[in-house]
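Undergrad: Produce the complete structure using the sequences and hints provided.
Residue numbers (my numbering), protein chains in the order written: chain G, 2 to 277; chain B, 2 to 277; chain Y, 2 to 277.
It is worth saying that the hints were derived from the structure and are not from the lab. Careful: at least some of the hints might be erroneous.
Copies of the same chain look alike in the list, so a pair counts if it fits in one copy or across any two.
Unchecked claim - Cut-off 30 Å, straight-line C-alpha distance, at most; resulting in silico cross-link-like pairs (DSSO-like, lysine-lysine):
# : residue 1 : residue 2
1 : Lys-186   : Lys-239
2 : Lys-179   : Lys-266
3 : Lys-66    : Lys-186
4 : Lys-266   : Lys-66
One-letter residues, chain by chain:
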Amino acid sequence: MSIPPRIITLTTDFGTSDAYVGVMKGVILGINPSVQVVDITHAVPPQDVHEAAFLINSAYHYFPKGTIHLIVVDPGVGSDRQAIVCQTDRAFFVCPDNGILTYLLEEIENSGQHPGNIVKIENRAYYLPEVSQTFHGRDIFAPVAAYLSLGVTLAEIGPFVPNLVRLPIPTLEISDDKLIGEIIKTDSFGNAITNISESLLSRLKIVSGWNISNCEIRVGGIRLKGLNRAYAESAIGKPLAIIGSSGLLEIAVNGGSAETILRLKRGDTVVIQRFN
Amino acid sequence: MSIPPRIITLTTDFGTSDAYVGVMKGVILGINPSVQVVDITHAVPPQDVHEAAFLINSAYHYFPKGTIHLIVVDPGVGSDRQAIVCQTDRAFFVCPDNGILTYLLEEIENSGQHPGNIVKIENRAYYLPEVSQTFHGRDIFAPVAAYLSLGVTLAEIGPFVPNLVRLPIPTLEISDDKLIGEIIKTDSFGNAITNISESLLSRLKIVSGWNISNCEIRVGGIRLKGLNRAYAESAIGKPLAIIGSSGLLEIAVNGGSAETILRLKRGDTVVIQRFN
Amino acid sequence: MSIPPRIITLTTDFGTSDAYVGVMKGVILGINPSVQVVDITHAVPPQDVHEAAFLINSAYHYFPKGTIHLIVVDPGVGSDRQAIVCQTDRAFFVCPDNGILTYLLEEIENSGQHPGNIVKIENRAYYLPEVSQTFHGRDIFAPVAAYLSLGVTLAEIGPFVPNLVRLPIPTLEISDDKLIGEIIKTDSFGNAITNISESLLSRLKIVSGWNISNCEIRVGGIRLKGLNRAYAESAIGKPLAIIGSSGLLEIAVNGGSAETILRLKRGDTVVIQRFN
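TA: Structure representation (structure tokens):
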């Protein structure tokens, strides 16, 4: 019986107009020719660790157990920032220790689980023979991910470490009649994704009798009544609030871009006001 | 003897700056780890079903028989538009029923063949366990395509349906001395592709004695004499007409972009005038 | 024992908004279903042979021995330019004969090695049955690369040829106290890559006692003192000089784009002035 090939995913801010991404794949396939390499995205805005943190957390749940996620958004390359591997119940993450796993670890911890084992990458046997000062994606992260896909264990890669750097991420303000969150990401359709999750909304409903359809949502100077269940429920060009595909409240415009039409951007406040 | 891995292609308007495409690949590989996933494009302009219809028709002929094409340009997601699988002699198409297969079905019918079998996707056994309102590409289309690649049959996916939605597509006007068509697509080189096919031009020549080299082509305020056989036959920066790689008449500029230089766009009229 | 799948890489100026790249992959997989296809980039600026020449030379070293590199930046398609396969110690290159291998061949020759065997592609048995005037990537280069991956030999593809077209590439001016080079490429981070290599700097140091840390680098109206070893050694927003990941001197800005902030572009002069 044949074992399915391991998957290594790539999430970077390298763009796709240079050879950098292709080179990382060459390094990986040189070490493990039968691995499947899958791009998540290479269009993280340059050095935007927060965006990478959001994206990897929205993606990794959908890959098979044991997938290795290589995430290289690395403004500190060549400095003394550490390189790490984090192994959770579900996956491996190979990345710089700069906060890139913040959303993912918060979510795991909020669900009451242990975030898993973490090692600092130190064993140069799993690096390329020559290590540059500017491209650890190629020289360290890619080969380490490839060796993991061959069965190398965390203990062989480096010493265990207890904690990782965390980004300051936007928190929610919850009072009796109001929930204040913010937009944490706009996607390429112009949907503005907030940090207000469907599971929180469900919980508030159960505990305090809130009902989102009985609430007003205020964002970017407009007011929306309750939630829609499909973009097409709103007229073309009209804004709506909807639970998006990541389980988060999104502000969208049917057939258009909420980012452009409502001028929404990361950091904008979103208020859910309760009437009842 | 080993069976070659099945191919699933992806054509979407998701862009590649979010995790959406990677997530669909994760879902597919979770169901069938040995399938080959190939991107056709993710840069269909948002919700531009016509462009997707053109692209998939220009591409699918070049993939091996039995390839599964997943096409998700889906402005009606979450509404009552149907999701379908269409099986032709050559390939499977998994997509919303919104006209995305219009060019492909017209071409099959024009060649006198039967367009194949179509089912409505209804069997939730082939969906992800949770289905969102906004991302059927991940929750329905990707898993159905993956199960097809494992050998699930159309009859297991849902009931057969007789017809699909068709887009209104540009038609040709043909008279004794004139052929009027239009530009249906500009590509990234700025070539302006028309709906006038080489096969039509051949047919007209046979039946009525037309000869394209004896015709004038009028488009965007310019006049071209006959057809060129290579871009390089025209001077650098000069426009020309040529049969492009999809077998359609294209307006191009040698070493430049006809779209920019001649300000051509989808919908512009192209007239072929006969002199003889 | 199973043989690892062969790799075919793709480097083109096709962009990813049309179906052209997907179609080439369909053709390749139709001929060899078990090959691994890896994108290097499809964002070479349209018809920019020099950029493609730089990119393939910076990438191919990192792929396993025997990898087949397909490079299609082909302004002369349909003219009498030749199509070739070049086999070096390390890899196969399938491309038009328009200078695309210039950097690669210079580097091989400068290291005292023989550039390898070259054939002109002529055997139509390895083409698609129909060959267009405008898309040899699909009709000739892709199938020839796929047949090479199945073990077809150079001799079967066409007659051996002695020489290839070379691009005029920027040369260095070296005097007793000055080294004058130029910027040959800016990457998507805005790093400005020069034609001054680390190995040349090492050699000059050995022979003439130069020391880069004792030199001034002048470019785009600014002066930099010596080399940094990491981006983070410079303050945020400040320029620096560093040996980049291709082993070439780069001008960068920590946390920003040297291309934008310093207005650097291909062809700009870079002077290294020696003081001692």
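Undergrad: When the structure is checked against the list of hints, which entries are broken? Sort them ascending.
TA: 4
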